[in-house]
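Peer 1: Protein chains in written order, with the UniProt record's numbering: chain A, 1 to 348; chain B, 1 to 348.
Keep in mind that the hints are not guaranteed to be accurate.
Note that identical chains are pooled: a pair holds if it fits in a single copy or bridges any two copies.
[As the list claims (entries may be wrong)] Below, a list of computed lysine-lysine pairs in the BS3-like style, where the Cα atoms sit at most 25 angstroms apart:
1. Lys165 / Lys227
2. Lys335 / Lys190
3. Lys227 / Lys49
4. Lys26 / Lys215
5. Lys279 / Lys264
6. Lys194 / Lys227
7. Lys190 / Lys308
8. Lys125 / Lys227
If you are wondering where the hints come from, they were derived from the structure by calculation, not from laboratory data.
For reference, the chains in residue letters:
Number of protein chains: 2
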Amino acid sequence: MIEDKNTSKTQLSDLGEFGLIDHLTKNFKIQQETTVLGIGDDAAVLDFKQKQCVLTTDLLIEGIHFDLSYVPLKHLGYKAVVVNLSDVYAMNAKATQITVSIAVSNRFPLEALEALYSGIETAAKIYGIDLVGGDTTSSTTGLIISITAVGHANQEELVYRSGAKENDLLVVTGDLGAAYLGLQVLEREKEVFKVNPNSQPDLDQYTYIIERQLKPEARKDIPQLLKALEVKPTSMIDISDGLSSEVIHLCTQSNVGANVYEEKLPLDPTVISTCEEFKLNSTTVALNGGEDYELLFTIRQEDFPKIKANPNLTVIGHITDQDSGIGLVTRANEKIRMTAQGWNPIKE
Amino acid sequence: MIEDKNTSKTQLSDLGEFGLIDHLTKNFKIQQETTVLGIGDDAAVLDFKQKQCVLTTDLLIEGIHFDLSYVPLKHLGYKAVVVNLSDVYAMNAKATQITVSIAVSNRFPLEALEALYSGIETAAKIYGIDLVGGDTTSSTTGLIISITAVGHANQEELVYRSGAKENDLLVVTGDLGAAYLGLQVLEREKEVFKVNPNSQPDLDQYTYIIERQLKPEARKDIPQLLKALEVKPTSMIDISDGLSSEVIHLCTQSNVGANVYEEKLPLDPTVISTCEEFKLNSTTVALNGGEDYELLFTIRQEDFPKIKANPNLTVIGHITDQDSGIGLVTRANEKIRMTAQGWNPIKE
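Please put together the full structure from these sequences, using the hints given.
Peer 2: Here it is as structure tokens:
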């Protein structure tokens with residue numbers, strides 16, 4: 001779909017590395033006062049004054065993390081930024097800068113990279129972050145994207161994974177499992193396309209779940225909302241590998257256990273109907289789906305009244321002592337041990 | 001050379017992503033007081049107090065930036081760190097943290113990654129920096145390394161590319177061209193090996209230039225030396241793509257011209273003798289070789305007495321007005337226009 005068969009397209013080699021960087025980044029504007037210097041020197045310069053700086057990075061590889069046969073490059077650029085910002089928000093911090101490094105093979109014309117960067121630029125505008133550096137090089141095969149995100153917060157505002165205490169409430173934002181189901185729909189359509197390239201899929205009923213897969217949003221609003229509600233979570237993590245995996249991370253690092261209630265898991269109606277269509281268990285999808293980029297956090301019980309009316313937040317369980325283990329309490333009121341079956345990027 | 005033919009070696013999939021990260025990073029110690037939290041949460045937390053933070057990143061791809069048929073993985077890990085630190089020192093800043101992301105295909109056993117990380121660890125110890133994050137994933141082919149380096153400095157200590165003024169002296173650290181020649185020797189030996197795998201090369205005479213290629217050092221000492229000498233450069237850049245390319249960058253960003261004197265270019269005796277052997281022009285090699293990771297900077301003329309006795313520093317020219325252009329003054333006293341013929345990672 002993005003093979004360079006149109007010879008009128010611009011070859012990357014015509015621009016060279018520095019010309020390419022200039023061309024791709026010329027529309028980016030500096031928005032953050034913490035950015036002293038962006039692209040153009042040996043390093044970016046940032047000034048966080050008395051605040052603490054948070055730093056996180058992700059590496060995305062074509063054929064492992066994304067499939068360009070159904071992921072538009074603009075969406076990919078947007079998503080690549082968003083998944084990094086999600087980690088900054090999961091520290092209860094403000095995201096302010098990113099660096100973007102890409103490696104591309106010759107099959108990518110300039111127009112493909114322009115599409116990718118237009119997605120990155122859209123995310124930068126919407127989330128109010130500055131692109132301050134990166135690297136651009138060739139690859140032997142495919143597209144590689146490495147993004148580092150930076151943010152800041154006052155020391156006392158930062159929320160770690162390790163602060164959950166017994167009896168705290170376990171809260172999740174948004175709903176679960178939709179991104180995974182969106183991927184299943186896209187994979188199915190790819191197979192249909194292979195058999196009959198002329199088929200015109202009607203995906204209207206899947207709009208929400210496909211958008212959750214192709215164009216997820218990070219919860220920039222949650223640190224702001226929690227501040228407005230005067231709630232400081234005791235621990236927080238973002239949900240990238242599936243709820244189960246993240247509950248286990250949070251409990252392990254806090255030396256606690258947890259009970260998660262199956263009946264409390266927030267599911268969009270499209271998730272329920274699509275699970276039925278695909279003959280999937282919606283609880284399994286919610287627990288292990290991954291790529292939701294929602295936030296999972298714990299609060300003290302006394303803060304419950306402050307959050308209970310909020311439609312963005314769902315209490316899904318509570319923290320127990322470590323010896324009680326990490327369990328899912330089913331609708332039949334049985335407690336089963338929670339295991340991480342999320343996506344593993346290191347596999348055969 | 002690193003194909004996993006020995007079935008007793010450990011498959012990466014046996015460990016999983018989090019097990020792998022734990023295993024590879026367990027020996028790394030936090031050394032910097034600016035590191036509040038390293039690996040293990042959604043993001044690292046750093047505290048630079050009143051100092052400004054510098055941030056730089058590089059992406060290294062097997063088959064483009066390195067050839068594992070003659071680059072030992074431990075050396076590669078070391079070099080990958082060093083080339084990023086070089087950019088931090090080029091801001092006249094102190095390097096303090098790195099993140100390391102890697103993607104590997106199945107042909108890499110655990111032992112290969114252990115070798116890579118032992119090089120990273122050695123660099124971290126020698127340069128006194130903390131590994132505070134990263135990402136570990138699969139690739140469809142080959143090894144990909146993405147490193148982000150962080151450092152800090154007082155605002156008034158930072159040196160940008162843009163500060164060079166007319167009549168400033170142009171100074172380079174160390175010597176030039178050796179890393180490029182080391183690569184030529186290694187490439188030649190690879191060809192010999194293809195023809196006769198039993199040949200035992202005697203590379204003793206090339207020790208210096210091969211080490212400059214395989215195990216370069218970043219000039220951590222230079223910001224410290226300049227501080228001790230009470231010299232603040234007016235501009236600075238690191239030499240990764242060749243002297244010509246970096247002189248042009250520095251002049252372009254400072255809106256000035258420069259004269260560089262051929263007879264002043266610092267060359268190691270091994271560079272001169274190897275150039276003769278390879279029938280290469282040593283000036284061309286010094287100007288365009290790349291990967292020297294020395295620093296190029298400008299100082300006010302009045303600071304010359306403070307640096308002139310120092311064997312680490314060579315004055316190679318001076319800054320002129322912009323209209324005079326950027327030229328090389330040859331031994332025959334002809335001025336020729338300097339062009340950047342350095343390595344271009346975006347090519348056919």
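Peer 1: Failing hints, ascending?
Peer 2: Those not satisfied are hints 2, 6 and 7.
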